[in-house]
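If you want the building blocks of each chain, they are given just below.
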Amino acid sequence: MLMEYLKVFLTGGIICSIAQVLIDKTKITPARILVLFVSLGVVFTGLGLYQHIVDFGKSGATVPISGFGYSLATGVKEAIDEKGFIGIFTGGVTATSAGIAAAVIFGFLGALIAKPKAK
Amino acid sequence: MDTNKFNMTKEEYKEYVDKKSENSPILKNVLLAFLVGGIICIIGQVVTNCLIAKNIDEKTAKTFSTVFLIFLGAFLTSFNLYSKLGKYAGAGSVVPITGFSNSIVAPAIEYKAEGYILGLGSNMFKIAGPVLVYGIFCSFIYGVIYYVITMIR
Amino acid sequence: MKIGKQTLKLENTPKLLETSSSVGPKEADGPLGNYFDIKVNDIFFGEKTFEKAETKFLTTAINNLLQKVSLQNDKIDYIFSGDLLNQCIASAYSVRDLEIPFFGLYGACSTYVEGMILASILVNSGMGEKIIYSASSHFCSSERQFRMPLEHGNQRPPSAQYTVTGAGCGLITTSKIEKKAPFITYVTPGKIVDLGINDMANMGAAMAPAAVMTILTHLEDTGRKPEYYDAIITGDLGNEGSEILIDLCKKNGVDISKVHTDCGKEIFDTINDRDVNSGGSGCGCIASVFSGYFYQKMKEQKINKVLLVATGALMSPISINQGESIPSIAHAVAIENEVN
Numbered sequence: 001m002l003m004e005y006l007k008v009f010l011t012g013g014i015i016c017s018i019a020q021v022l023i024d025k026t027k028i029t030p031a032r033i034l035v036l037f038v039s040l041g042v043v044f045t046g047l048g049l050y051q052h053i054v055d056f057g058k059s060g061a062t063v064p065i066s067g068f069g070y071s072l073a074t075g076v077k078e079a080i081d082e083k084g085f086i087g088i089f090t091g092g093v094t095a096t097s098a099g100i101a102a103a104v105i106f107g108f109l110g111a112l113i114a115k116p117k118a119k
Numbered sequence: 001m002d003t004n005k006f007n008m009t010k011e012e013y014k015e016y017v018d019k020k021s022e023n024s025p026i027l028k029n030v031l032l033a034f035l036v037g038g039i040i041c042i043i044g045q046v047v048t049n050c051l052i053a054k055n056i057d058e059k060t061a062k063t064f065s066t067v068f069l070i071f072l073g074a075f076l077t078s079f080n081l082y083s084k085l086g087k088y089a090g091a092g093s094v095v096p097i098t099g100f101s102n103s104i105v106a107p108a109i110e111y112k113a114e115g116y117i118l119g120l121g122s123n124m125f126k127i128a129g130p131v132l133v134y135g136i137f138c139s140f141i142y143g144v145i146y147y148v149i150t151m152i153r
Numbered sequence: 001m002k003i004g005k006q007t008l009k010l011e012n013t014p015k016l017l018e019t020s021s022s023v024g025p026k027e028a029d030g031p032l033g034n035y036f037d038i039k040v041n042d043i044f045f046g047e048k049t050f051e052k053a054e055t056k057f058l059t060t061a062i063n064n065l066l067q068k069v070s071l072q073n074d075k076i077d078y079i080f081s082g083d084l085l086n087q088c089i090a091s092a093y094s095v096r097d098l099e100i101p102f103f104g105l106y107g108a109c110s111t112y113v114e115g116m117i118l119a120s121i122l123v124n125s126g127m128g129e130k131i132i133y134s135a136s137s138h139f140c141s142s143e144r145q146f147r148m149p150l151e152h153g154n155q156r157p158p159s160a161q162y163t164v165t166g167a168g169c170g171l172i173t174t175s176k177i178e179k180k181a182p183f184i185t186y187v188t189p190g191k192i193v194d195l196g197i198n199d200m201a202n203m204g205a206a207m208a209p210a211a212v213m214t215i216l217t218h219l220e221d222t223g224r225k226p227e228y229y230d231a232i233i234t235g236d237l238g239n240e241g242s243e244i245l246i247d248l249c250k251k252n253g254v255d256i257s258k259v260h261t262d263c264g265k266e267i268f269d270t271i272n273d274r275d276v277n278s279g280g281s282g283c284g285c286i287a288s289v290f291s292g293y294f295y296q297k298m299k300e301q302k303i304n305k306v307l308l309v310a311t312g313a314l315m316s317p318i319s320i321n322q323g324e325s326i327p328s329i330a331h332a333v334a335i336e337n338e339v340n
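Residue numbers (this note's numbering), protein chains in the order written: chain A, 1 to 119; chain B, 1 to 153; chain C, 1 to 340.
Keep in mind that a hint or two might mislead.
[Unchecked claim] Between beta-carbon pairs, the in silico distance windows are: (1) A/Ala101 with B/Ile152: 34 to 44 Å; (2) C/Gly33 with A/Lys27: 30 to 40 Å; (3) B/Leu27 with C/Ile271: 15 to 25 Å; (4) C/Arg274 with A/Asp55: 50 to 60 Å; (5) C/Gln72 with B/Glu11: 50 to 60 Å.
[What the hints assert, rightly or not] Computed list of lysine-lysine pairs in DSBU-like fashion (alpha-carbon distance at most 30 Å, straight line): (6) C/Lys52 with A/Lys115; (7) C/Lys5 with B/Lys5; (8) C/Lys5 with C/Lys191; (9) C/Lys250 with B/Lys14; (10) C/Lys251 with B/Lys5; (11) C/Lys250 with B/Lys10; (12) A/Lys117 with C/Lys39; (13) A/Lys25 with B/Lys14; (14) A/Lys27 with B/Lys28; (15) B/Lys84 with A/Lys115; (16) C/Lys258 with B/Lys5; (17) A/Lys117 with B/Lys112; (18) C/Lys52 with B/Lys5; (19) B/Lys126 with A/Lys27; (20) B/Lys20 with C/Lys39; (21) B/Lys87 with A/Lys27; (22) C/Lys258 with B/Lys14; (23) B/Lys20 with A/Lys115; (24) C/Lys52 with B/Lys87; (25) C/Lys5 with B/Lys14; (26) C/Lys250 with B/Lys5; (27) B/Lys54 with A/Lys7; (28) B/Lys28 with B/Lys14; (29) A/Lys7 with B/Lys59; (30) B/Lys14 with C/Lys251; (31) A/Lys115 with B/Lys10; (32) C/Lys305 with B/Lys14; (33) B/Lys126 with A/Lys25; (34) B/Lys126 with C/Lys5; (35) A/Lys25 with B/Lys20; (36) B/Lys10 with C/Lys258; (37) C/Lys299 with B/Lys19; (38) C/Lys52 with B/Lys84; (39) A/Lys117 with B/Lys10; (40) B/Lys5 with C/Lys305.
Hints listed in this document are in silico derivations from the structure and should not be mistaken for laboratory results. Computed from a prediction, not measured in an experiment: that's the story for all the values here. We put the beta carbon where it would ideally sit given N, CA and C, even for glycine.
Sequences are here, hints too, so could you generate the full structure?
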């Protein structure tokens, strides 16, 4: 059990550290980091690599935004296996629908109650 | 332009500035990003494990865990706490799914002043929009490739 | 009269009769807190939006100025004002109820001195007797204009600067007015300089070359040495930009290190305050620090000869996203207690 959490911590930590190095060394802005990581998540899943990371690190690999790319890609793959061609279009968003809907709903509710503040 | 006062080309000036500028404290930043990013992932795993322990199937448990983290990010953002975390955690708070949620709530709060539809509504995905665009588009390309490969087989 | 390459000598020596400043909570808590006229504890200034708050900071500073010199607004000939918001709305809405002929300016963070120069030239030429110039900025409204939403959890690199919430203004009058006040003796409007920096988080480095050009040109045109001035005050170069300025001046054989100070470095505690990084910035930085602190020091005759140099970065988020670099400008004005 403890070992499992250690693996989660390590995997998640390393993914975030890579992003931090990129931000500090290359001046890639955080908004671009998000796009880069989600795209890399899809690419590595497509190459069959990300699955190994998920098997090892579990949430450590799925919670970072690259995991969102992993969900999109695996969703597309499964949908194609099941429904064929139309799966290319339905798979990704179906697999991530809960996340997207939650982001819209909680985002809206959060914005309703919050007031902007200076840092 | 009369730049002979500087005796340097744009490239030389850029090099000079890069040398001059104080570097980000990279080791400290990376350690903090590692720590915070890792902890957020652990929270996700704890939620998943708790739900599985209550006989909920793994897939649903994972989805629930994602929804919970998105809620957490939105919650902390609307109480002005996530930006405080971000100041220290950097990528550790940007890259996890809580950061995705933060990037949706933050502009939504800020643009509320311009009204609920053209302000909040249209600016909500100002930062997160590209993530969906490129994520979904990449998965489309992957889908096409995968489909073609399965056809050939 | 024009002397040298781009300096104007104002023979009729307009007076900087009075100044006024207003700042937000962070600036009030800073090292110069005691010098500002109006300190507001609420970043919203009781308003609903940051843009309205900025407008109120500016309005309050202008009204305070009018009160200080006990003048009604109909006695003012013109007002020059600018800020960082799209279409200069803080200025327009501030001036809306004043009923003073208005010129809106955009010179980014150089606006304060740009306004001062134009007002002085008009007064010097006899086209006006009492002219106000002003400028403002607000941390939250400019973050929104130029950077990320406030609640977004991101880090600011060490070279980044923190926009000052505040406004400053001054009244330029003819030297005929009896009251003792410093004179505007020379003005040196700057040229745009762009050495190719495109990093919005490193404005100091983008603007420093413009300051170098204007300061060197001013000294050449007037035949003065840096030591002539008690202080050469730049607007918001911050820690990094100031180092670059001193360095580049030295390379041209001019040592300003003993007389140089920077409003962006003065207004915040850049050593202990993690958030401000390299120092303050924005129109409101030089506006509040000069109007509040340095003008006070001149009145007390602690400093008598000042070269005030405001730098501005004239890009927009659109031009930066389109891959352009940051064009920068610096305007200088010599302010002296005695005229020889």
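Worksheet entry | Verdict for A/Ala101, B/Ile152 (Cβ pair) under range 34 to 44 Å | The hint (34 to 44 Å, Cβ to Cβ) holds, given that A/Ala101 and B/Ile152 are roughly 36 Å apart.
- Query: Are the Cα atoms of B/Lys54 and A/Lys7 separated by 30 Å or less?
  - Reply: holds (23 Å)
query: Within 30 Å, alpha carbon to alpha carbon, are C/Lys258 and B/Lys5?
result: Roughly 21 Å separates the two Cα atoms, so the pair holds.
Next on the checklist: Please verify whether B/Lys126 and A/Lys27 have alpha carbons no more than 30 Å apart.
Outcome noted: Since the Cα atoms of B/Lys126 and A/Lys27 sit roughly 20 Å apart, the hinted pair holds (cutoff 30 Å).
Has the given pair, B/Lys87 with A/Lys27, been kept, meaning a C-alpha gap of at most 30 Å? Holds, at about 16 Å.
Starting from the range 30 to 40 Å, see whether the pair C/Gly33 and A/Lys27 falls in it by beta-carbon distance.
-> Given a distance of about 34 Å, which is inside 30 to 40 Å, the answer is holds.
- prompt: C/Lys52 and B/Lys87: Cα distance at most 30 Å?
  reply: Since the Cα atoms of C/Lys52 and B/Lys87 sit roughly 27 Å apart, the hinted pair holds (cutoff 30 Å).
*Satisfaction of hint between B/Lys84 and C/Lys52, Cα-Cα up to 30 Å*: Between C/Lys52 and B/Lys84 the Cα gap is close to 25 Å, so the pair holds against 30 Å.
30 Å Cα cutoff - pair C/Lys5, B/Lys14: Holds - the C-alpha atoms of B/Lys14 and C/Lys5 are around 28 Å apart, at most 30 Å.
Task: 30 Å limit on alpha-carbon distance, applied to hinted pair B/Lys20 and C/Lys39 - done: violated (35 Å)
Checklist entry - Given the hinted pair C/Lys250 and B/Lys14, is their alpha-carbon gap at most 30 Å? => result holds (18 Å)
Note to self: Against the 30 Å threshold, does the CA-CA distance of B/Lys84 and A/Lys115 hold or violate the hint?
What the structure shows: Distance ~15 Å between B/Lys84 and A/Lys115 Cα, so the pair holds.
Consistency with the previously given hints fails for numbers 4, 18, 20, 23, 31, 32, 34, 37 and 39, ordered from lowest to highest.
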